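Chemist: What follows is the residue order along each chain.
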Amino acid sequence: AAGVIQSPRHLIKEKRETATLKCYPIPRHDTVYWYQQGPGQDPQFLISFYEKMQSDKGSIPDRFSAQQFSDYHSELNMSSLELGDSALYFCASSTTPLGSSYNEQFFGPGTRLTVL
Amino acid sequence: KQEVTQIPAALSVPEGENLVLNCSFTDSAIYNLQWFRQDPGKGLTSLLLIQSSQREQTSGRLNASLDKSSGRSTLYIAASQPGDSATYLCAVHPAVGSYAGNNRKLIWGLGTSLAVNP
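Protein chains in written order, with the numbering used here: chain A, 1 to 116; chain B, 117 to 234.
Chain A extracted, bound-state conformation (with noise of 0.2 Å):
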């Protein structure tokens, strides 16, 4: 079964400079979420989209911005990159069945970024 793909796997970039990440959700599911972890931290929600809006917005810095697109693809923009940035970024997708409230999120296996 497809699964949610997020590239790159491993990125690497030093202060100041700009990031892209990119997750392919599950095919016909409708809501991509982003969410970061640091070490040994719990994943911290950044964004959602659903149907191609954005639906909710968490801890997400002003230097990111995201969008998803008409293939339902979506990407993480990262500028003027922080050490702090390092962290896992996790893609999820989902979707929910008409009338509803199932909502099971399926994760990517993320992307390490280390800004050094």
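In silico EDC-like cross-links for lysine to aspartate or glutamate, where the CA-CA straight-line distance does not exceed 20 Å: (1) B:117 with A:42; (2) B:117 with A:56; (3) A:57 with B:119; (4) A:57 with A:75; (5) B:184 with A:104; (6) A:57 with A:30.
Think of the hints as simulated: they come from the structure by calculation, not from any bench. Quantities reported herein were computed from a predicted structural model and do not represent experimental measurements.
Position chain B against the provided structure of chain A, taking the given hints into account.
Modeler: Frame of chain A; chain B shown alone:
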């Protein structure tokens, strides 16, 4: 504000033991609760999802229960094996406002780091 706590933070057991991981949440208004497994530096693998109307879910040697009114869930692992060594996280999906398309983010606990020794 929904908060999720997992106890214990770390657990070390000999192979073959049955064990219980605990998850508690402060607000019983949830749509569902998910248990995940995370290997060091790796991605998140969904183990079980319990909807708010359910009491338990089972998958192989794993059994998760949910007591929504008391804000608790337990993950029971039977006959533990060294391959079960990982961090186990629980996450709740809060029932906040309108469901459709909004407020779907998960709220996470910090996890229980499990080591099963051969």
